[in-house]
Amino acid sequence: MKSRIAADRLRDLESITDAALAYLPLEDLLEELLDRVVGILAVDTSAILLLEDDDATLIPRAAKGLEEEVVRGVRIPIGRGFAGRVAATRKPVRILDVAEADIYNPILREKGLQSLLGVPLVVQGAVVGVLHVGTLTRRAFDDDDEELLQRAADRAALAIFSRLSERERGLADALQRSLMPRLPHLPALSLAGRYLPAAAARLGGGWYDAFALPDGRLGMAIGDVVGRGFHAAAIMGQLRSGLRAYALDGMPPHQVLERLSRLLRQLEPGRTATSVYLVLDPHGGALTVASAGHPPPLIHPAGGEPYFLELPGSVPLGAARHARYEQHDVELDPGTALVLYTDGLVERPEEPLEDGLDRLVKTVRDGEEDLEHLGDALVDALLPGGAGNDDAALLLARALPLGEEIVAEFPAEIESIPVMRRLLGRWLDEAGATRRDVDDLTLASAEAAANSIEHAYGLAPGVVELRASAEGGGRVTVAIRDFGNWRPPRGTHRGRGLMLMEGLTDAVEVVHSDTGTTVELSRRIGAEAA
Amino acid sequence: MIESPEPRVDYHDSVGVVTLRGEVDIVQAGELRDMLLGAVRNEDLGLVVDLTGASYIDSVGVSVLFELAEKLAERQLRFALVLPEGGLIERVLTIVNVGAVAGVHRSVDDALASVNAT
Chain A
1 MKSRIAADRL RDLESITDAA LAYLPLEDLL EELLDRVVGI LAVDTSAILL
51 LEDDDATLIP RAAKGLEEEV VRGVRIPIGR GFAGRVAATR KPVRILDVAE
101 ADIYNPILRE KGLQSLLGVP LVVQGAVVGV LHVGTLTRRA FDDDDEELLQ
151 RAADRAALAI FSRLSERERG LADALQRSLM PRLPHLPALS LAGRYLPAAA
201 ARLGGGWYDA FALPDGRLGM AIGDVVGRGF HAAAIMGQLR SGLRAYALDG
251 MPPHQVLERL SRLLRQLEPG RTATSVYLVL DPHGGALTVA SAGHPPPLIH
301 PAGGEPYFLE LPGSVPLGAA RHARYEQHDV ELDPGTALVL YTDGLVERPE
351 EPLEDGLDRL VKTVRDGEED LEHLGDALVD ALLPGGAGND DAALLLARAL
401 PLGEEIVAEF PAEIESIPVM RRLLGRWLDE AGATRRDVDD LTLASAEAAA
451 NSIEHAYGLA PGVVELRASA EGGGRVTVAI RDFGNWRPPR GTHRGRGLML
501 MEGLTDAVEV VHSDTGTTVE LSRRIGAEAA
Chain B
1 MIESPEPRVD YHDSVGVVTL RGEVDIVQAG ELRDMLLGAV RNEDLGLVVD
51 LTGASYIDSV GVSVLFELAE KLAERQLRFA LVLPEGGLIE RVLTIVNVGA
101 VAGVHRSVDD ALASVNAT
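Here the protein sequences come in this chain order: A and B.
429 is the number that my numbering gives to position 429 of the first sequence; each next residue is one higher, with no gaps.
112 is the number that my numbering gives to position 112 of the second sequence; each next residue is one higher, with no gaps.
Just so you know, the hints here were simulated from the structure itself, not pulled from any lab data.
Just so it is clear, the structure is predicted and the values come from calculations on it, not from any experiment.
Keep in mind that the hints are not guaranteed to be accurate.
[To be verified] Among chain A residues calculated to face chain B with C-beta under 7 Å, some are:
#: 1; residue: E369
#: 2; residue: V407
#: 3; residue: P411
#: 4; residue: I414
#: 5; residue: A446
#: 6; residue: R496
#: 7; residue: G497
#: 8; residue: G503
#: 9; residue: D506
[What the hints assert, rightly or not] In silico negatives: residues of chain B with every beta carbon more than 12 Å from chain A:
#: 10; residue: D10
#: 11; residue: A73
#: 12; residue: G86
#: 13; residue: R91
#: 14; residue: R106
#: 15; residue: N116
Even glycine gets a Cβ: it sits at the ideal position worked out from N, Cα and C.
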C-alpha cells in the first residue's frame, strides 16, 4: 500500500529520468539524478559508485554532500563495508546507526553520517554499481524509501550503461584508429591488417603490429591480452609498445617475447597474454618466429595448400617467471602469404575451434591474391556479424615476386639503405646473380645511395630512386637517382665510396642534370669470377 | 642468422681483440667507432679487429678502421685485422688498400703474434 506522497515522489523522479537522461552528458546526468534523489528522499548525501572492469572494485563516480569521495578516488572492494556489501549481495542495505556498522569508507564517518540506505544498480542481471543515500540525523529508512531509491537506481543503471557503452564504443573506435599501426611501406611486400572490436563495444586486448627493422627486415606481431575492458586495452597498448621497442633494439624473436613476458609480470602480476612475433627477410624469404601460447600462423604458398606453422607448445606471456621461448627458422618462397590472427577471429560460441580454423584455411585457399581483398573476405567469412564476445585482430603479409625490372623510391634517410640493399639483393637473386654479384652490386649501390642521402638534399627531406634492369648478355644496370643539388663527394670516406663503386662494378657513370644526379652502375652477372 | 650483432672485446694480456659481427656500415658506424676507440687501454701494445664474422662493410665502416689506425699510429700502437679469405669484406678492404695501415691476417692467433712480436 503506497501513500499518495510516495506516488508523487516517484512521478517526480521519473519525469527527470525520462527527459534529462536522454541527452545529458553522463557526468551531468549523474549530478542531476543525485540532486533529484536528495530532494525527493529528503536526505543529506547521495552517491553513485560504479563497478570497475576488474569486477572487484567500486569507484565513486558522482556524489552530493560527499564530494570528497569522488575527489579522493576512493576504491571500495566488493564485499567490504556498506557499498561493497550492497554490490556483493545485490540487495538493498539499510543502516540505522553508522557508528555500530561495518563501514569501509572512512569518509562516511568523517562527514558525521548517522543512517544510510543503499541499493544495487543492476543491468541485465549483473551488478554495475551502487546508489546510496545518507542522513546526518538518525533515520529509519522504510520500504517506500527503499522502493523509490531502487526505482531511481534501475532507471539510472540503464541510462548509465547505455552512456558507458557509447563511451566505450567511442574509445574502441579511437583505439582502433590510434593503437592499430600504420603499416610500413616496404618495396614488393604487401601487408594488410584488420581489427574488429568485440560486440557490445567492450574494449578488448587484441593487437597487431608491423614495422621495418633497422636492418631492412620486417617485424610482425600479433597478440591478445586476456580479459576485456579499459584495463585490458591499456595493458595491450603497453605490450605493443614494449614489443616494438625490444624488436627495434635488434633482439631476436625469442628474446623479444622473454622480455615482454617479464614486462607484463611487472605491469600487472597475474595478467597473461598470448603473442607471436616474427621477423621476415623479404630478401630470400627467411622467416624467424617465436610464439607465446598463441594460435599458430597460417602459411599459404603461392598455388599450394595453406598449412598451420606447427610450433612446439609454449606458455603465454606473464604466465611463468623467467619464461623461455624458442624460435624457429622457416624458408618461404616468393608469393607465400602469411596469416596471423587472434582467437576472436576463429572462435564462435557453441562451435568446436576446428570449425573456425577450417573456415580460415578454406577462405585463405580460395581467397584473392590482393591482401586487402583477402582481409575483407576473411572478416566476411569468419565474422559475418562482426566480432563476438572477444575482439579479433588479423595481419596478412606477402612477399611479392619482383619481375623484370624494379623501380622503387625511398626516403632520403640512412635507414633506407638496408631496405634498399635487401630489395636489390632479392631482385638480383631472381635475375640469376651469383652471391658475389649480389654482394658487390648491392654494396656499390648502397654507396651511391649514401652519397645522395648525405649530399643531395642538405637537411630537407627528399627521395632516392632505385631502378634495376637486366639487358642482354647477363648485363644488369642499377641506377640510383636523386632530385637534389649535386655536389662533389666530400671527405675521405666519400672518396672511398667512389673507389668502391668503381672497384666492385664493370662501369660507373655519373650524370648530372638540372633535376638531380643519377649514378649508373653496370655489371655482367651470373658468371663465376675466375 | 639474427643473433645479436653486438661487438665484443676480449683482452689477451696487453692486446685487445674486438670481434665484429654482421654489418659494419653507415647504420652502425657511430656506435662501432666509439666502441673501437674505447677498446684500447693505456697499457696495451695494440689492437686486433676480427672481421671473420662480419658480413658487410661499406665506406663508412672502412673509414672507422682508417681513423682507428691513425689514432693507434699516433700512440705508436700496432693494429692488425683478421679477414676471412675470398669474401666481400676482403674485396672491399683490398680495394681501399687497408694493408697500408694494418697488418692483415687469417686468424686471431696470427694477428696476436704479430702485435706481440718485438
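Original post:
Looking at A73(B) again, its CB stays over 12 Å from all of chain A?
Top reply: It holds; A73(B) is separated from chain A by about 16 Å at its closest Cβ, greater than 12 Å.
Subject >> Cβ separation check - N116(B) to all of chain A, threshold 12 Å >> reply: holds, 30 Å
Subject >> Status of the stated non-contact between R91(B) and chain A (beta carbon gap over 12 Å) >> reply: violated, 7 Å
Subject >> chain B contact restraint on V407(A) - CB to CB distance below 7 Å >> reply: violated, 23 Å
Subject >> Hinted contact E369(A) with chain B - closest CB pair below 7 Å >> reply: violated, 29 Å
**OP:** Double-check R496(A) for me: the hint is only fine if its C-beta lies closer than 7 Å to a C-beta in chain B.
**Re:** holds, 4 Å
Subject >> Per-residue hint verdict: I414(A), partner chain B, C-beta under 7 Å >> reply: It holds, given that the least Cβ distance between I414(A) and chain B is near 6 Å, below 7 Å.
Subject >> Proposed interface contact between G497(A) and chain B, which counts if any beta carbon pair is under 7 Å >> reply: holds, 4 Å
Subject >> Interface hint compliance - P411(A) to chain B, C-beta minimum distance less than 7 Å >> reply: At about 14 Å, which exceeds the 7 Å cut-off, the nearest Cβ of chain B leaves the hint on P411(A) violated.
Original post:
Once the closest CB in chain A is found, is it more than 12 Å from D10(B)?
Top reply: With a cut-off of 12 Å, D10(B) remains clear of chain A, as the shortest Cβ separation is near 21 Å.
Original post:
Quick one, is the D506(A) hint okay against chain B at 7 Å, beta carbons?
Top reply: Cβ of D506(A) sits 14 Å from chain B, so the hint is violated.
Original post:
Would the hint on A446(A) stand, with a C-beta cut-off of 7 Å toward chain B?
Top reply: holds, 6 Å
Checked against the numbered hints given earlier, the structure breaks hints 1, 2, 3, 9, 12, 13 and satisfies all the rest.
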